[in-house]
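Visitor: Given next are the chains, with one letter for each unit.
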Amino acid sequence: MDSIQVNKDTAFITELESIVENDGPYSSWDLFSMAYHAELTTITPKFKGLRAFEYLPHIKFLDHQVDAAEQVIETMNGRAILADEVGLGKTIEAGLILKEYMIRGLVKNALILVPASLVSQWVRELNEKFYIPAVAHRKNYSWDQNIIISSLDTAKRSPHRESILDIEYDFILIDEAHKLKNHKTKNYEFVRSLKKKYCLLLTATPVQNQLIEIFNLISILKPGHLGNYDSFLENYGKDRSKIKQDAYLKQLIQKVMIRNTRQNTTLNNTKRNIQTVWIDFKPEEKEVYDDLESASAGFSSFSKITFLREICSSREACYLSLKKLHEENPNPYIEQVNSKIEKLPHHSKAEKLVELIKQFGDEKVIVFTEYRASQLYLQWILKQHGITSVPFRGGFKRGKKDWMKQLFQNHAQVLIATEAGGEGINLQFCNHLINYDLPWNPMRLEQRIGRIHRYGQEKDVQIYNFATKGTIEEHIMTLLYEKINLFEQVIGNLDAILEELNISNMESEIESIYSESSTVGEVKIKLDNLTSIIKSSMEQSQEEQNYGYN
Amino acid sequence: MAITNLNQFLQDYFVSHRCQILENNDGILKIRLTEEMDRALMNRPFYWHYIKKIGQQGEPMNLTLITNPKKKDEKGEWIHFGSPRLQQIIHHLKENERFTKLFQKVETNQNTPLYPWLVVNLKQSYKGKQKKDEIISIGLQLVNGNMRLEMMDYLKNLPLQMAISDYCYTISPIIKLQSGFKRIEAVISTYIENQTHEWAVESIHELDEEIKTLQHFYEGRTEELEQMEKEMEEIKVRYHPIISQEVINGGIFYLTE
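Line order of the protein sequences matches chains A and B. If you read the first sequence in this note's numbering, its first letter stands for residue 24, the second for the next number, and so on. If you read the second sequence in this note's numbering, its first letter stands for residue 191, the second for the next number, and so on.
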């Protein structure tokens, strides 16, 4: 075969000559033959199959993850979009692929571009799970490291940009690749000009609005695979529903994209059981709530919403906020309310919590609350009832987070957390979760549940949502969460849907509904409208995602 | 033969480096390192720099390696084929054990000639769409030009040592090392030529297909010529079939025949 290039080893024999000339140093037979056997062990004897498993005996891969990695390496030749739904382990698949390429000696240097908030998580995951010596990019580092992780925003800025574009990378990975959907952006232009051999694009939402988005993603990997820009636009236009009709297009897309959904993976085995736990305020608690609700002087309607939410959580949370406001801006009305709060008995919700946890026996429970003050109070009240607990906050340093996780796993029954934190910890060994207060942002709710309902979870997940009757909590529960069925299903593309609807911050959206409405009835109607819109785009989108790619 | 018994392999490795085995029981191997091995494996150059500066001997560390996965939670490092420690040891071996000169051990009281052999162990990689490796071990007798394949398997049954046995003497090579190596390369070239190389055919097919697709993509977009050339180059790098050879190690062996 003339077209095969043969690279010979020309250095060895000259080196041997000079060693012989100097008469040494020589290896003993034992070490000489050990080096030979070590090489025999580390070679890759076959073109096909994955060797990485031998190197990663501590990881239990799921079938769909193994299939994905094999498919990317063997049939897609190392350039692919990994588009699994959230929580199915795209990172694991990507790590496995990178590991395999490194073992085979096909990848020596790699550039991994991820959102800034995920850089350290990626570093940890690759180091600890995959033994891939990846490092986070730091100031004054050279980009010419072996495996380097950075944010796209840093990488595309001068002077980094210039140094990066000079390097030929064996492997490029881009997480949250849907940010590259528009070919006119700086991000897109930058990624396309990178010099690369293998390339993985990770996104849970490959198509959000228009089919041209997937065309743009694929053009990074395999330009021309879907034809050229003009012809594609002509055939498929901007209409994403075309993907349903066109079997040929679907087939082409499947050649460069892998999408697993919960429905087609074994992860579907564990279910979510959702239960709403209603709490009735004691008369004196209700009185304070009503006082706050009817108050009109001294604070904005935004703060009022906060106080109402806080009094539903704990006396302490509300008391502290009111006190702070009073100190800044003395107000006799607040003083009066606070003196009522001081006299309140134990919070009804906290009592309910104790009662519920006692029913679990010694099973592990995670409790999420929105407020630091409630967190402390709950820790105290659980202790009064002989229930051990540890606190958890998003602001904890990494080491402390790990330590708390360990304490929880080995010594305490309850973890009380204020923040789910997308980059928090994974707690699959626990299958009870109590939402002591509900967040107003559905994405945060999904993140909370995602801490325990992810791969590795072996039992069905039990979720308890606390809500106090006749309060702001009841509206959110019945009008928002129950209506869009948020608890039952995983909505991987909820963030995309909200973006599409131009709702960037759900929480402030709801807050403004409250502050701009004059009656409870008006609030209800507006909330109802909001959820109807979300619900209908969710159904539409779900249908398309599933039909389009599976 | 690859490494099948990791525990044995590690013990041999440390013994060969004159480390003391403190304990080896049920997959838990406890070693007292020598200074040399501490420097090679423990990654603490500042300690050694400091201790030598103040004129002290220094204390090499103990290392506990666990090869039995059932014991991996005990005190020590769990070592397996993917663990950084084993990679480090393998790397250390490959770096340091590249050249040798060995003599066959002979029990004799008569003058016995030993013939020089050039032994080369080589890794050959085939890289197209995918990649695979094979290992070739060849010996060439440097007097009569005889060649032997699977040389390492042959050698492992001979007693070998670093010094020449009593009453033995070596015959001078007639074939020079450089030309001996050329003969070995020639044999490997013939071996390559005799293969059918479906892997390369497939890779070239894929390469052509992707280049065609690419050209279609850029039809009429002359302003993006540079980008197109970059991408074309990437396709070539990814698919162009290459066979590369890399000598693992080799040396001169003096054998009785």
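Careful: at least some of the hints might be erroneous.
In silico DSS-like cross-links for lysine-lysine, where the CA-CA straight-line distance does not exceed 30 angstroms [as the list claims (entries may be wrong)]:
| no. | chain 1 | residue 1 | chain 2 | residue 2 |
| --- | --- | --- | --- | --- |
| 1 | B | 295 | B | 322 |
| 2 | A | 423 | B | 372 |
| 3 | A | 83 | B | 262 |
| 4 | A | 202 | A | 558 |
| 5 | B | 322 | A | 152 |
| 6 | A | 278 | A | 305 |
| 7 | B | 402 | A | 207 |
| 8 | A | 69 | B | 284 |
| 9 | B | 402 | A | 273 |
| 10 | A | 278 | B | 321 |
| 11 | B | 261 | A | 152 |
| 12 | B | 220 | A | 83 |
| 13 | B | 261 | A | 31 |
| 14 | B | 313 | A | 131 |
| 15 | A | 69 | B | 372 |
| 16 | B | 322 | A | 428 |
| 17 | A | 424 | B | 261 |
| 18 | B | 220 | B | 321 |
| 19 | B | 262 | A | 218 |
| 20 | A | 558 | A | 152 |
| 21 | A | 273 | B | 313 |
Using C-beta positions, here's what the derived DEER-type ranges look like [as the list claims (entries may be wrong)]:
| no. | chain 1 | residue 1 | chain 2 | residue 2 | range |
| --- | --- | --- | --- | --- | --- |
| 22 | A | 46 | B | 399 | 39 to 45 angstroms |
| 23 | B | 230 | A | 377 | 54 to 60 angstroms |
| 24 | A | 158 | B | 260 | 41 to 47 angstroms |
| 25 | A | 38 | B | 416 | 38 to 44 angstroms |
| 26 | B | 416 | A | 552 | 49 to 55 angstroms |
| 27 | B | 192 | A | 274 | 40 to 46 angstroms |
| 28 | A | 182 | B | 208 | 33 to 39 angstroms |
| 29 | B | 419 | A | 325 | 34 to 40 angstroms |
| 30 | A | 253 | B | 416 | 17 to 23 angstroms |
| 31 | A | 68 | B | 260 | 24 to 30 angstroms |
| 32 | A | 46 | B | 416 | 38 to 44 angstroms |
| 33 | A | 131 | B | 364 | 37 to 43 angstroms |
| 34 | A | 131 | B | 385 | 23 to 29 angstroms |
| 35 | A | 69 | B | 249 | 54 to 60 angstroms |
Derived by calculation from the structure, the hints in this document are not laboratory data. Cβ atoms here follow ideal geometry from the backbone N, Cα and C, with glycine treated the same way.
Visitor: For every hint, state whether the structure bears it out.
Guide: Quick rundown of the hints versus the structure:
{"no.": "1", "hint": "B:295 <-> B:322", "verdict": "37 angstroms, violated"}
{"no.": "2", "hint": "A:423 <-> B:372", "verdict": "62 angstroms, violated"}
{"no.": "3", "hint": "A:83 <-> B:262", "verdict": "16 angstroms, holds"}
{"no.": "4", "hint": "A:202 <-> A:558", "verdict": "24 angstroms, holds"}
{"no.": "5", "hint": "B:322 <-> A:152", "verdict": "25 angstroms, holds"}
{"no.": "6", "hint": "A:278 <-> A:305", "verdict": "61 angstroms, violated"}
{"no.": "7", "hint": "B:402 <-> A:207", "verdict": "25 angstroms, holds"}
{"no.": "8", "hint": "A:69 <-> B:284", "verdict": "22 angstroms, holds"}
{"no.": "9", "hint": "B:402 <-> A:273", "verdict": "21 angstroms, holds"}
{"no.": "10", "hint": "A:278 <-> B:321", "verdict": "21 angstroms, holds"}
{"no.": "11", "hint": "B:261 <-> A:152", "verdict": "19 angstroms, holds"}
{"no.": "12", "hint": "B:220 <-> A:83", "verdict": "29 angstroms, holds"}
{"no.": "13", "hint": "B:261 <-> A:31", "verdict": "45 angstroms, violated"}
{"no.": "14", "hint": "B:313 <-> A:131", "verdict": "18 angstroms, holds"}
{"no.": "15", "hint": "A:69 <-> B:372", "verdict": "28 angstroms, holds"}
{"no.": "16", "hint": "B:322 <-> A:428", "verdict": "43 angstroms, violated"}
{"no.": "17", "hint": "A:424 <-> B:261", "verdict": "27 angstroms, holds"}
{"no.": "18", "hint": "B:220 <-> B:321", "verdict": "38 angstroms, violated"}
{"no.": "19", "hint": "B:262 <-> A:218", "verdict": "42 angstroms, violated"}
{"no.": "20", "hint": "A:558 <-> A:152", "verdict": "38 angstroms, violated"}
{"no.": "21", "hint": "A:273 <-> B:313", "verdict": "42 angstroms, violated"}
{"no.": "22", "hint": "A:46 <-> B:399: 39 to 45 angstroms", "verdict": "56 angstroms, violated"}
{"no.": "23", "hint": "B:230 <-> A:377: 54 to 60 angstroms", "verdict": "58 angstroms, holds"}
{"no.": "24", "hint": "A:158 <-> B:260: 41 to 47 angstroms", "verdict": "33 angstroms, violated"}
{"no.": "25", "hint": "A:38 <-> B:416: 38 to 44 angstroms", "verdict": "41 angstroms, holds"}
{"no.": "26", "hint": "B:416 <-> A:552: 49 to 55 angstroms", "verdict": "52 angstroms, holds"}
{"no.": "27", "hint": "B:192 <-> A:274: 40 to 46 angstroms", "verdict": "41 angstroms, holds"}
{"no.": "28", "hint": "A:182 <-> B:208: 33 to 39 angstroms", "verdict": "50 angstroms, violated"}
{"no.": "29", "hint": "B:419 <-> A:325: 34 to 40 angstroms", "verdict": "57 angstroms, violated"}
{"no.": "30", "hint": "A:253 <-> B:416: 17 to 23 angstroms", "verdict": "20 angstroms, holds"}
{"no.": "31", "hint": "A:68 <-> B:260: 24 to 30 angstroms", "verdict": "29 angstroms, holds"}
{"no.": "32", "hint": "A:46 <-> B:416: 38 to 44 angstroms", "verdict": "55 angstroms, violated"}
{"no.": "33", "hint": "A:131 <-> B:364: 37 to 43 angstroms", "verdict": "42 angstroms, holds"}
{"no.": "34", "hint": "A:131 <-> B:385: 23 to 29 angstroms", "verdict": "27 angstroms, holds"}
{"no.": "35", "hint": "A:69 <-> B:249: 54 to 60 angstroms", "verdict": "46 angstroms, violated"}
The structure is inconsistent with the numbered hints 1, 2, 6, 13, 16, 18, 19, 20, 21, 22, 24, 28, 29, 32, 35, although it conforms to all the rest.
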